[in-house]
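Each step along the sequence shown adds one to the number in UniProt numbering, with nothing skipped, and position 245 is 245.
Keep in mind that a hint or two might mislead.
[To be verified] Calculated pairs, DSBU-like style, for lysine-lysine (alpha carbon to alpha carbon, straight line, at most 30 Å):
(1) K269 <-> K451
(2) K511 <-> K423
(3) K325 <-> K376
(4) K354 <-> K269
(5) K251 <-> K354
(6) K269 <-> K79
(7) K325 <-> K446
(8) K354 <-> K427
Quick caveat, the hints were computed from the structure, so don't treat them as lab data.
Just so it is clear, the structure is predicted and the values come from calculations on it, not from any experiment.
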Amino acid sequence: MMVDFGRASTGVPSVHSPASAWHPVHTGISHTTTSTLHVSAQLLLGATKYKLTAFRLKAMAEETLSTPKIDSKSSPSAKRQALISLSDKKDLALLGNGLQDLGITIVSTGGTASALETFGVSVTKVEELTQFPEMLDGRVKTLHPNIHGGILARRDQDNHMEALENHGISTFDVVVVNLYPFYDKVSSSAGISFEDGIENIDIGGPAMIRAAAKNHKDVLVVVDSNDYPALLEYLQGGQKDQHFRRRLAWKAFQHVASYDSAVAEWLWKQTEGDKFPLSMTVPLSHKTSLRYGENPHQKAAFYVDKSLVEVNAGGIATAIQHHGKEMSYNNYLDADAAWNCVCEFSKPTCVVVKHTNPCGVASRDDIIEAYRLAVKADPVSAFGSIVAFNVEVDEALARDIREFRSPTDGETRMFYEIVVAPKYSEKGLEVLRGKSKTLRILEASKNDRGKLSLRQVGGGWLAQEADDLTPEDINFNVVSEKGPEQNEFQDARFAWLCVKHVKSNAIVIAKVSLS
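Whenever a hint applies, use it, and build me the whole structure from the sequences.
Dropping the structure here:
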């Protein structure tokens, strides 16, 4: 290391004083005496200068040795570094090897570091950088100035960079973090204790994500493994596009906001039970853009609810599309109406929906019979409708759907926009795919009970408990003088389930489990 003792920045004055500082003082003493005194004074001052210089050299050496060494040749930002800390290690090999091939040094935490090493990626562990071990059962790992200073420092601010250099902190160019699986833990069927729930709240992860997202001008932040290829391409091309960085930062803040809302939602339920929360955040994730909305002049998109109550929940939002054209705005509304209705019934049932209204519902032990009866209930409306089943579509049912002729003329094959069911046999799916290139085939799981129902009004939202009542939840009272026969009572129960799904001033006519 070369030390320039003459630089003012060292805080040590130059030892090369100008000659004028050493002129003799005239005191009226003879020239000879004066000369002798002058020589003596020069010798004395020279010795003093030597001792002072030696003292300062020693002090500077000690200061230099005690200062943490910067792990770069010229400045904290001389080499590129990435910080990786992941709970979900999907595509970690792609990320780690890609960054290493680009000459980027990787700093990582515990399990992520071990996984990277198994992929042949060289890793600097966080504790080596911080010179501080994990503590408090892993609660404190990355909450350290050597980490957050390297993330938050602005490269265009000289005082920031000087501060890093003075403290031996190097910068990070990339931060890749995803969080503890809080959603999965607290919503698992096995359940989780309050204490375990608390321990699954991530602290260091959100702090790093927020820091990197705030400083996105200098730091690329990634929270989604789907963005790894785009990240590597961006780095390989040496791009400076701020739009890409801002999109990643936006996604990062959304990720943390969604996570925090789930924690708040869970903590509220643990504390207040079923009471309506005093405030509510509904995190929505963009699933797809739609061609248009309810009308062609309206733009539209479909979002999936990422709140805690919707994790692993059923419904059309999480349905798998096996075949057909892309879903439209109206398709989602109609499919949702059909699926919600058919899930009301315990017996094998078919529901036919047109414009969100059931136009045919039938329950039978034989699902093919139920299908035919539901279509015949209103064959005109059934053409171009949505057909939903609450049982598996096997090969026999699929062939009947494919070949069934319109009851109005007995010749035209029935046309449907969507078929939705909880399951399809392999052969049944193959047969249905052959009916039409455009037929949308959806596989959905049953909706969970106990959800909130939200409806937008101008400037606000109405919230209510979902209408989950079934006939089994109710004690029906007969208030007429004559009571219904058993078959009449069964028809009334069937109609009662149907009428909930018919819009506005509903009149439902039902007989023998057919409406």
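Problem - 30 Å Cα cutoff - pair K511, K423 - result: holds (28 Å)
Handout entry: K325 paired with K376 [C-alpha distance capped at 30 Å]
Key = holds (26 Å)
Practice task
Decide if the proposed pair is consistent with the structure: K354 and K427, CA atoms, cutoff 30 Å inclusive.
Solution key: Satisfied, since the Cα-Cα distance of roughly 28 Å is no more than 30 Å.
Handout entry: Distance restraint between K325 and K446, which requires alpha-carbon spacing of 30 Å or less
Key = holds (23 Å)
Problem - Hint consistency between K269 and K79 [alpha-carbon to alpha-carbon, up to 30 Å] - result: Outside the cut-off at roughly 48 Å; violated.
Problem - K251 paired with K354 [C-alpha distance capped at 30 Å] - result: Outside the cut-off at roughly 38 Å; violated.
Practice task
Take a quick look at whether K354 and K269 sit within 30 Å of each other, Cα to Cα.
Solution key: Status violated; Cα separation ~38 Å.
Exercise for the section: Would you check the hint for K269 and K451, treating anything up to 30 Å between C-alpha atoms as holding? Expected result: Given that 30 Å is the threshold and the Cα spacing comes to 13 Å, the pair holds.
In the structure shown, a violation is registered for the earlier hints numbered 4, 5, 6, in ascending order.
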